[in-house]
Amino acid sequence: MAIARVSTLPETPVEAGLGGTSSYLYASKVSVAYAGRDADIVTAIDRIDLSIDRGEFVCLLGPSGCGKTTFLNVVAGFLPVSSGVLTLKGKAIDRPGPDRAMVFQQPGLLPWRDVLHNVTFGLEMSGRMRRREAIVRAGELLELVGLAEFARSFPHQLSGGMQQRVNLARALAVRPELLLLDEPFASVDAQTRESLQAELLAICKAPEVTALFVTHDIGEAVFLADRICILTSRPGRIVREVRVRLPKPRDEVRLKPEFLAYVQEVSGVLRSAAATAGKSENREEKRHGDDRP
Amino acid sequence: MATIVLDETGVPRRQGSAWQAQMGPRTERIVLGTAFIVAVLVAWQVVTALGIEPPIILPSPSDVVGAFRELFSSSDIWADFAASGEELLYGFALAAAVGIAAGLLIGWYPRLGYFFDPFINLLYAIPRVALGPLLVVWLGIGLSSKVALVFLIAVFPVLVNTSSGIRSLDPHLLRVARCFGASDLKIFRTIALPGSVPFILGGLRLAVGQSLIGVFVAELLGAQFGIGAMVENAGEQFQTDTVFAGLLIFAVAGLLLTAIVRWLERRFDAWRV
Chain A
1 MAIARVSTLP ETPVEAGLGG TSSYLYASKV SVAYAGRDAD IVTAIDRIDL
51 SIDRGEFVCL LGPSGCGKTT FLNVVAGFLP VSSGVLTLKG KAIDRPGPDR
101 AMVFQQPGLL PWRDVLHNVT FGLEMSGRMR RREAIVRAGE LLELVGLAEF
151 ARSFPHQLSG GMQQRVNLAR ALAVRPELLL LDEPFASVDA QTRESLQAEL
201 LAICKAPEVT ALFVTHDIGE AVFLADRICI LTSRPGRIVR EVRVRLPKPR
251 DEVRLKPEFL AYVQEVSGVL RSAAATAGKS ENREEKRHGD DRP
Chain B
1001 MATIVLDETG VPRRQGSAWQ AQMGPRTERI VLGTAFIVAV LVAWQVVTAL
1051 GIEPPIILPS PSDVVGAFRE LFSSSDIWAD FAASGEELLY GFALAAAVGI
1101 AAGLLIGWYP RLGYFFDPFI NLLYAIPRVA LGPLLVVWLG IGLSSKVALV
1151 FLIAVFPVLV NTSSGIRSLD PHLLRVARCF GASDLKIFRT IALPGSVPFI
1201 LGGLRLAVGQ SLIGVFVAEL LGAQFGIGAM VENAGEQFQT DTVFAGLLIF
1251 AVAGLLLTAI VRWLERRFDA WRV
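From first to last, the protein sequence lines are chains A and B. Oh and the first sequence: position 236 is 236 in my numbering, straight run, nothing missing. Count along the second sequence from 1, then add 1000; that gives the number in my numbering.
Hints should not be assumed to be uniformly reliable.
What the hints assert, rightly or not - Straight line, CA to CA, 30 Å or less: simulated BS3-like cross-link-like pairs of lysine-lysine:
| no. | chain 1 | residue 1 | chain 2 | residue 2 |
| --- | --- | --- | --- | --- |
| 1 | A | 91 | A | 205 |
| 2 | A | 29 | A | 89 |
| 3 | A | 205 | A | 89 |
| 4 | A | 248 | A | 89 |
| 5 | B | 1186 | A | 91 |
| 6 | B | 1186 | A | 89 |
In short, the hints are calculated from the structure, not lab data.
Here chain B stands alone, though its shape is the one from the complex:
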């Protein structure tokens, strides 16, 4: 007896096997996504177990676990976390603050847009990691040059997204507001700001990933502590398993931070459906 399963939109779902039918689309997604990661890990372990390449070139997953254990047995790792965290936090916070404020202004006042847009587009077009050496010359290899690099890399997605959010406000809503005699300030507060929140959050989400690149590159250019510096050192000493561990730390940090912004986006986007 064939039963037709309807999904949320009322469209008959393709018939799968019994166990597929029992899972919701969400569990199905999680199971499949995890399955691939597990498969890659297993293949990786098998390849290394065959001994095709020495561990110094390709360490096995269990070597990487060992490297993690070693890393977290010394207190240096916390100094690395602190250093990278500080660079990330300051750089990102500065980028968010400046990017949102400047984006709002540039989007709201067309003349400011005419004035700054070409310059911003020019800067946006430069691969900004290339500014690293310049920043080291100007600010030294301390915290400030690193924060500056993270800031420069992360500020543009926030700024450009925010200003385009303001510019794409529904003109009809603005007309309605003017009709009720609204002042510019009120329109800004009640329409422009909430209307551009989804754009701002989208910019922040991009900026998170970019900030991590900034942290890594900044530490490559010379640093005592930091996850990036740790990876760089390990690479120089052919501790390949530790390099892998560092990469994984970056990946997890990126995932976590993006998840936070995504969560915020969902909260503020409920009305978008």
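Next comes chain A alone, as it looks inside the complex:
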């Protein structure tokens, strides 16, 4: 995607030297390390290479502690990169920005605001919209996530799944280009999770929405993703990328043999990755995602 810039601001030196930054999100040898408890250096993620095109839906899949959330935080701009190059639309990421919105596992709604005003919260914080417009926009999003009639309810009156819908609506309200989702459906019940996944997929079919979705649930990754990046733990590395070529919408796909074949392929990769990681680090505590099938 060619980006015509009128800006005369000096660009970061990094991107000048990079030929391959035509991707929307580009990570090259991104590592994150921090000082551990005993002054040793813990490498959370190790030389991650990843490039994502605009409009893609990418899942980061791996066991707990593989650094997938760390990578998400780096992309969100919460954590600095220790080494490597990380750019969004050709510009190095160094802070949170209005072009990215994050959806966490906990809904994180303000308990003293009703649902409508929880959805306007993100708009207020980024300060990009007048109050009245924000309310209209929030109303549209509640419509989209099917909660229009609960606009005046308070979070404690909603179920976990509904709260998570409000959370999603709040993130979408700011019209993010890049949606960062950190196991957003991990704490809702299975039925609700499936319907939320389908809704998310429907919302993300808009070509301008790019999504980076972190999960340890193989079925979820195969259902949602255009591409799955499989990570190993300690340190987190991408061991394999799997492109999921299932037609969308995928509402009826879960029992089809193609779907199950992908699930099998991915869980095979995870298992062998865990085995080699366990061997090389000589650890017994190897864990791989909760391989459901």
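With chain A held as given, fit chain B onto it using these hints.
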């Protein structure tokens, strides 16, 4: 035929007699609470009617009613109310303003907390009524020393509650706000302030009771007018019934003011359920 009565939570209520079943839990509470007060009054009247102690030691409830009548027949009582009210109002308002502002700052900026907390805890540990004589030495026996005492007594519950309210904000909410690129000021306004309102109101509720203690003690240390001064004078002249009347005035004032704060708490706490 036994019917099972369910309460709001769906738990079968214990079966009582018929008249108990007809009352809601709220009326039941009011009836029982009033019954005990009436019982105490009756017992009090009976004991005094037996003449075990002279009225100068233990006046009867009807003596106290008489004292009230006498008090309100003179205009002095209004001067007393005005004086005590003024001390209470200024002291409490100052305590609320300073306590909330300082509590917000100290809670929000950790360094300010490190800096002030030990000193605040030290002051909090002193029985603050003991500062009364010192304040009289410094400020005289006029209004200012009384307001100062009420302030010093009432400011700490507000301050400590407010700062702990800010410190116990949900860190996840703060993360969400930062995620949307919120400035510190916006986070303060939209999360820190509303999030600590219940704590602030809790502090104010404690401060109301403490302020009344402040008013009373301040007037004991020397005052011409005021309910506390009135009680002190009456005690010196063995008008025990008037002493009782004064105590009752304090009690009613405390109840009323606490009820106001409680009402505010309920209004702001609707989401807490």
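Failing hints, ascending?
No numbers; nothing is violated.
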